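Chemist: Once you've looked at the hints, go ahead and assemble the two chains, each given alone in its own frame, into the complex.
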Amino acid sequence: MSVPRLLASLACAALAVCASGWKAYQKNGIALHWVDRTLHYRLDAGGFKNGEMSNDAFALAATSSFATWQHAHCPASGTETGVGFVFDGWQSDAKAGLDCLDPPACTKLLPNGNHVIVVQKASEWSHGAGVIALTTVGADQDAQIGDADIELNDAAYIYTNSDLPPATIVDVSNTLTHEIGHFIGLDHSAVAGATMAPNAPPGELGKRTLATDDLDGLCAIYPPPNAPPAPGPTCASARAAPDSPVALVALVLMGLCGLAWSLLRIDQG
Amino acid sequence: MGRPNTRLLLACVTAQLLLGLAVRPVEAAIVRDVSLGEMTRSSERVLRGEVLTTRARYDAATRRIWTYVALEVHEVLAGSALVKGARMTIVTPGGEVGGYAQHVPGAPAFRAGEEVVVFCERTRAGLQAHTLAMGRFDIERGGPEPIARSVRRGLLVMPDARRAPRAATEFALPLVRLREIVRAEATR
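Heads up: the sequence lines are chains A and B, in that order.
If you read the first sequence in this note's numbering, its first letter stands for residue 623, the second for the next number, and so on.
If you read the second sequence in this note's numbering, its first letter stands for residue 574, the second for the next number, and so on.
Just so you know, not all the hints are guaranteed correct.
Covered by chain B, per the in silico footprint, the following chain A stretches (three or more residues, Cβ under 8 Å) [said to hold, decoys possible]:
| id | segment |
| --- | --- |
| 1 | 719 to 727 |
| 2 | 749 to 757 |
| 3 | 761 to 768 |
| 4 | 795 to 809 |
For the record, the hints were derived by calculation from the structure and aren't laboratory data.
Everything numeric in this text was worked out from a predicted model, so none of it was measured.
We put the CB at the ideal spot given by N, CA and C, even for glycine.
Chain B with its partners taken away, still in its complex shape (with noise of 0.2 Å):
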């Protein structure tokens, strides 16, 4: 043995590491594989703002532990206008109440502070993301301009029998741009 293979080695590890570093957590539902167009159509508005709180509860209609958060709305991309600075409340399945953790697959997860674009469907819980995490982009204003994220995680995306499969794993692009898809849908 000699130093190709402490070579290939190292580079197997810095594979690894890089693999570590770029996997993040997930959770797990299946959903079809749901469009822009649709979600902006199918959705009661779509919201840009900032998470302002979080907090989960028992809901002894649906028996479950709900997330509550409460966005400050910043912008309505689609659906009836709101004053700037409103508040809205959102629901998202899961939470964690008197010690008791319940993980739901594919909801999207929220923390104060963040910026966030959400496409929110009207159902029997409340406003939610539309079909879980993939209603929820997150807003990265580092480069050069905002870009919007769709961290898909935890979902088992069940492509459209009309479409080619897409990987289910993360979906970018500038948030101009998905203001403008979102604003085209939603006048068709």
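One chain only, chain A, in its complex shape (with noise of 0.2 Å):
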């Protein structure tokens, strides 16, 4: 193969991971993962404050949305990730956090695989009144995820499960499955549409639904246990730090590509 020819091929193998938009968090350039691919979570016993939902309907939201990432197809080959969501019930006075192994100091932390959906009374609310909910990613130097805990603010909003939820409810379905996909590593996403998209319209459900790109994000993450196990530097973490030299590499191919092909038809006259 000639170099102009290899170029090519590098660089626009390089534009077709980069054409998707979904996005993964990174650290020293690869993308944040979970090594175990069966993750186990908790929700919070106190439910939520007017009864606005029962514990029941909490439930069922949250397992259907937890439900709907486990049970994704992969475009490429039609299998599931093998990623796996196990409810291990419900948790007294949850908190969402890391525990301290060497108080005072607590420079020793240790994630202690407790993974909650906490529902936020105004007491416990430490994010200010404007936001909404909020996933805390914890992750090694090796970028692999230790904790990961979701916090819904009861203190200022109401949710439901309704399919038909007013303008000014929150549903906590479409919430919770956006929420999700950060729990597992994911970041937003430049396409309109995609449950990692950027924007939720009051009262929108569309979230409920994987779209394309969400499953192209959870593939390239996890891919299917018969493809290469290990997440590496991705195009998609490289955008999501455009001065990583992952980024830098990744921007120069794309240039050399645009080179490579005009010697190329330069060549064939």
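Modeler: Below you can see the structure in the form of structure tokens.
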């Protein structure tokens, strides 16, 4: 293979990866990921404050939102990724966060393996009144996720699991399906209509269902068992940090693609 | 295949390059679309200043990592007055302690030396930028007049039902205009 043709192939492979809109959180150029694909979660037994949703409805919304990701089929292989979610039950006095191993200094932190969806009351909410929901993902230097918690602001918002939510009420399944994308390491996507897109019109339900772009992201971070196992530096993660070396390589490759194709076309007259 | 296809490919590559350069890091939280007026009225102070230091620390009460940001105050746009050069500490969720990092969706990042305007909201954890990254503006002084730019990276914005939806990506205006709006809202 001639050098221009090789460069063209490499660059166009980069372009193909970059053509999708999904992005992954990354650490040191590697997409954040769970090593064990069976993920356990618990739900806040305190539930919602004014009984706008029963705990049964809350559990149904959560399990169906996790199931949406679990049973997604990768477009390329037609198979599931093997990422599974196990509902470990209700947790009293549920709290998001990490454990400290060496108080009071707390320089050694332990991801406690207790991944919770917490419904935060006014006295517990730490993020300001304008924040509706938030996912915190903790990872080590190898980009391995050790802890993830989803917090819902029950101090200032009303949630529902209705299929016809009023425009002023937050649909919890729509919210959770999006937040679970962050839970597994996905960032926002530039693709309109994707579950991981960064906008949510009032009363929206569309994020309950994954778009092809969401599936592409899921399956790139967690390839199905017959595909290469470890998530490596991806163009998507590079786009999440365009000043990183990986991003620069990708950008250079894209430029070389154009140059190589020009040379090819000129050679061929 | 002839030149037109080559030109088309080059155009695509150029577009991809521009797209790649335009994208910036993002994280994610779902927030309400809060107006400048509302942010002003519900902020304890609105400050312009320079970031002096940042330090991440675990907080046992909230069981999470917070980054403590020391600001040298140059101007109080709203709220009770401070001596020029006074120091204030604000907190922002997330950071890295002992090799373990917490990524907190939509949280504003601060670096030493940056000039910023921060809408400081009192929360259980201390003074924070209002509604995560919505309450932090970069001050850019490269042009004819200083620009205040809110880079709302990582925020999934749920628009107020009474207002038209708008993109969550960026919001910029001249610093002098931001100052006018904040002062007007603070005295309403």
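Chemist: All hints, please: hold or fail.
Modeler: Hints versus structure:
1. Counting residues of the segment 719 to 727 of chain A whose C-beta sits closer than 8 Å to any C-beta of chain B gives 6, which meets the bar of three, so the coverage hint holds.
2. Counting residues of the segment 749 to 757 of chain A whose CB falls under 8 Å from any CB of chain B gives 9; the rule of at least 3 is met.
3. With 4 residues bearing a CB less than 8 Å from a CB of chain B, the segment 761 to 768 of chain A meets the requirement of three and the coverage assertion stands.
4. Under a criterion of three residues with beta carbons nearer than 8 Å to beta carbons of chain B, the stated coverage of the segment 795 to 809 of chain A is upheld, 5 such residues being counted.
Violated hints are absent here; each numbered hint is respected by the structure.
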